[in-house]
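Undergrad: Throw the hints in and build the complete structure from the sequences for me.
Residue numbers (our numbering), protein chains in the order written: chain A, 1 to 852; chain B, 1 to 171.
Warning: the hint list may mix true and false statements.
Stated by the list, open to error - Residues from chain A that face chain B, not an exhaustive set, calculated with beta carbons under 10 Å:
#, residue
1, V115
2, E117
3, V198
4, D356
Calculated from the structure, these hints are not laboratory results. Here the structure is a predicted model, which means the values were calculated and not measured. Where a beta carbon is used, it is the ideal one built from N, C-alpha and C, also for glycine.
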Amino acid sequence: MDNLFQRSLEDLIKGFRLQLLGESSFISRALEEIRREVKATDLSTKSTALHKLSYLAAIHGVDMSWAAFHALEVVSSSRFHHKRIGYQAITQSFHDQTSVLLLITNQLRKDLNSVNEYEVSLALECLSRIGTRDLARDLSPEVFTLLGSSKSFVRKKATGVVLRVFDKYPDAVKVCFKRLVENLETSDPQILSAVVGVFCELASKDPTSCLPLAPEFFKILVDSRNNWVLIKLLKIFSKLASVEPRLGRKVAEPICEHMKRTVAKSLVFECVRTVVSSLSDHEAAVELAVAKIREFLVEDDPNLKYLGLHALSIAAPKHLWAVLENKEAVVKALSDEDPNVKLEALHLLMAMVTEDNVSEISRILMNYALKSDPLFCNEIIISVLSVCSRNAYEIIVDFDWYVSLLGEMARIPHCQRGEEIEHQLIDIGMRVRDARPQLVRVSWALLIDPALLGNMFLHPILSAASWVSGEYVEFSKNPYELVEALVQPRTDLLPPYIRAIYIHSVFKVLVFCLGSYFSAQESSSGSSSTVYESILNLVNVIEIGVWPLSGAYDVEVQERAKNVLGFIGMAKQDIAKNVNLQDNDAEACRVTAFMEDMFSEELGPISANAQEKVCVPDGLELEENLGDLEEICGKFLKPVESDSVSCTDKISFSVSKLRIRDQQEASSSSTSLPAKASSSLLAEHRKRHGMYYLTSEKNDPDSNGTPKDYPPANDLASEILLDPLDPKRKAKHRKSRPVVVKLDEGGESRITTSQAKTKQESVTDDESLSRAIQSALLVNKKGKEREKCEGNSNLVVQEEETSRIEKPQNSEKKKKKKKKKNGERTSGKHRSRRRSEVASSSEQVEIPDLLL
Amino acid sequence: MIKAVMMMNTQGKPRLAKFYDFLVRCLPVEKQQELIRGVFSVLSSRPENVSNFLEIDSLFGPDSRLVYKHYATLYFVLVFDGSENELAMLDLIQVLVETLDKCFSNVCELDIVFNYSKMHTVLDEIVFGGQVLETRSDEVMKAVEEISKSEAASNSISLVPKSVSGWRGGR
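TA: Here you go:
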């Protein structure tokens with residue numbers, strides 16, 4: 001009687017649409033109702049409640065995992081209607097952590113064996129979406145039966161489920177694979193397309209294991225007329241051809257045939273894509289493909305245009321001629337309204353960049369950038385930056401032009417790529433000596449423009465500009481204006497760390513000017529008053545500009561400001577006594593000279609691998625743990641006689657220095673008691689709270705997994721970078737191109753292209769799956785081999801024959817390691833034969849590692 | 001494989017959402033709703049007369065693309081990866097819409113709203129476990145009709161409450 005008054009799903013939906021406010025309250029009321037109803041014993045009531053719940057979960061995001069057990073009850077009903085609702089609920093809400101997952105196995109088994117094909121299909125669908133390892137294992141016999149069922153409806157769906165089963169439980173391959181392969185020969189096109197779809201997925205995960213089936217695929221490729229099947233086959237061959245190049249030769253012809261004959265654009269596109277990505281060595285095929293691409297490019301349909309450009313960009317790396325042929329179409333596409341098309345066109349244009357046309361192309365692109373929306377504008381900027389900086393700027397001949405381009409980019413209104421531009425400005429400054437004057441000029445232009453200070457995306461550029469101006473101040477034409485720009489009040493808008501850089505640059509400029517003033521003083525007999533005036537002006541301007549910052553909140557800014565002001569204070573007195581400055585003992589003179597020295601030595605870029613090149617000297621233990629710290633500390637707590645303390649004077653490793661300093665302070669103050677006290681304090685603490693201390697590795701033999709990366713501080717300290725490595729300098733003598741300092745491989749590619757696709761492989765699963773497939777295929781092939789050719793004779797009757805024999809060999813030669821490699825060919829047949837025997841005898845294929 | 005099938009209206013309300021990708025299915029329901037909202041925000045900013053493809057790596061993981069089609073007030077969205085052909089997926093949306101049309105005769109959004117389970121039946125015949133199973137709409141129609149018939153058959157019994165079935169003497 002209950003369900004006569006129960007609201008059905010339609011009522012629920014109607015009610016939902018009719019109520020005007022309180023959507024969430026409506027839902028919560030409905031939920032309460034459902035909770036009550038679902039506990040009823042009557043299956044109809046339960047199922048209607050469940051139906052409503054799954055609707056709410058799917059459309060309104062309500063959590064339904066609490067109803068898992070009820071779903072199970074509903075599914076066990078004999079009525080199809082209830083079963084459907086139950087399975088729908090289960091498929092939607094069950095996942096790997098559902099606790100009642102175990103209980104479903106039996107129900108699934110019952111339904112899989114049912115005579116009603118629709119119940120079977122419900123169960124199959126459920127399995128395909130929630131299948132776990134246990135479910136797959138327990139139900140693979142049933143799936144095997146269904147794969148051979150007479151009803152094509154069922155067989156189709158069983159094929160669809162196979163993928164999930166294989167994925168979760170690779171051993172199922174042994175059972176089901178044969179039937180799957182048999183289905184390849186079916187005449188029913190829908191089953192065929194399902195099977196081929198499954199193989200497509202398997203091939204993308206591991207092409208080598210499907211290689212033995214290539215002959216069957218080839219047959220279907222030549223015979224079939226069904227577009228869906230052909231598309232999937234093409235994808236399979238694309239993956240297979242990349243591991244087995246000879247396959248490409250065979251397959252190129254049928255593919256060209258299809259390309260010429262078919263009307264379906266999807267098939268044409270797939271052919272083109274296959275040819276261009278995997279068969280790119282076959283000139284005839286590629287030419288045909290490029291012709292087809294051209295047809296796509298001139299279509300009006302934006303989809304086809306986009307796909308044509310996409311195919312062209314796949315072809316670009318190996319066949320640049322194709323891109324160059326279609327240059328006008330590409331440039332036209334830059335101004336298309338479709339963002340996809342624009343992006344593809346941009347990438348293609350970047351692929352065409354060479355030394356000669358880089359300035360022209362950049363000019364075109366900058367114009368586009370000014371006119372475009374922010375997203376595309378930044379895409380343009382980042383692609384220009386990445387192409388130009390590739391391989392340490394190998395494409396740039398005229399650095400002056402490039403540096404001014406960088407400055408121009410900073411002026412583009414939508415530019416948000418400040419960091420990359422900053423990096424390149426500094427990078428070029430360090431690597432290319434000859435570009436420094438231009439750099440300084442461009443930086444000066446950027447610094448004096450007050451409008452740029454307001455744009456926070458440009459702050460990194462400004463920081464680079466100020467650093468460059470300070471570092472290479474000797475190239476600047478007018479230090480006075482530079483300093484004015486650096487201390488202008490509007491720099492308040494900058495964040496503190498950039499202001500600190502500004503102040504430091506001011507300092508460098510000041511030192512430079514003072515240095516040249518003093519040296520001019522010494523060389524000439526007297527000073528002209530104008531020079532004196534100007535240097536005094538400079539110093540005053542700096543003092544006025546920096547003085548407010550000495551009270552700044554930020555520590556860095558404050559410290560640097562005070563440094564500058566202190567230096568000025570000292571120098572001012574000596575400037576004032578300008579007349580008798582022949583006296584070389586003038587303090588300011590000496591200090592300035594010292595400072596100049598400090599700024600004049602250049603810190604070159606260091607390769608990221610530099611540290612590894614320093615050989616670890618004997619006696620240096622890098623792996624010892626810190627548990628011995630007490631002993632080591634104890635050594636250094638002794639006062640100054642120990643010579644290891646003296647060498648630590650040169651150390652830059654701050655921690656050890658601090659410790660030494662503390663210890664020295666401790667020891668220099670009255671007694672050594674405080675020093676001893678510190679170590680004994682440690683011991684005391686350890687005694688009291690021993691359980692919280694990590695055990696030292698020496699006492700704990702089974703903790704060898706713990707990372708040993710805390711070297712004893714003082715041992716390491718004596719080794720630090722006293723000898724910086726010289727960067728390798730490669731001189732490039734090419735048409736008066738300036739010298740670019742290059743290093744070895746470390747860390748060159750900074751910008752990662754967004755097109756790099758990472759394929760995540762679950763290593764162990766894929767491995768076991770592919771091994772299982774290979775062993776299954778081997779069993780098949782062994783049977784066929786014995787029929788066709790006797791023993792291990794080298795019959796080369798047809799190429800297909802050889803390829804069939806050799807392919808099982810190749811499939812065996814799979815490495816048992818993490819990375820996939822192309823199969824290596826061996827010459828020794830006897831070796832392979834022994835292996836195949838071994839393989840067929842044992843269940844698990846033990847693939848020997850060839851490269852050991 | 002096909003990672004997801006979605007239908008949403010031009011206000012962003014989901015009308016149907018089915019996820020086939022193993023990883024997405026394990027997400028809690030709120031995350032799935034977020035995905036739907038994410039897709040909607042990307043779609044609503046697309047102008048007319050542009051291509052129907054989008055890269056959607058940020059939402060569905062690497063190598064994910066989607067194809068969408070705008071029919072009246074509905075967006076039909078298919079999310080797939082590199083093992084499906086883009087134009088074929090576009091065709092698939094066409095097949096789906098045609099089938100729905102045959103099913104409901106001049107289908108409109110309300111039909112989809114009120115016939116939640118039938119929608120799922122239709123979809124389950126076309127896409128199964130992430131693979132395309134059937135591409136001929138008449139075959140799909142046949143199967144869907146069969147299923148509805150057997151459902152109706154099983155449903156007619158339930159009109160009679162248990163307590164009176166004995167009195168009625170069964171049908």
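Undergrad: Using Cβ atoms only, decide whether A:V198 comes closer than 10 Å to chain B, and label the hint accordingly.
TA: Constraint on A:V198 satisfied, holds at 7 Å.
Undergrad: Hey, does the A:D356 contact hint survive, CB to chain B under 10 Å?
TA: Given a least distance of 32 Å, the restraint on A:D356 is violated.
Undergrad: Given A:V115 as an interface hint, is the shortest Cβ-Cβ distance to chain B below 10 Å?
TA: Status violated, d = 12 Å.
Undergrad: So, as I understand it, the hint says A:E117 touches chain B; can you test that by seeing if any CB pair is closer than 10 Å?
TA: holds (9 Å)
The structure shown violates the earlier hints numbered 1 and 4.
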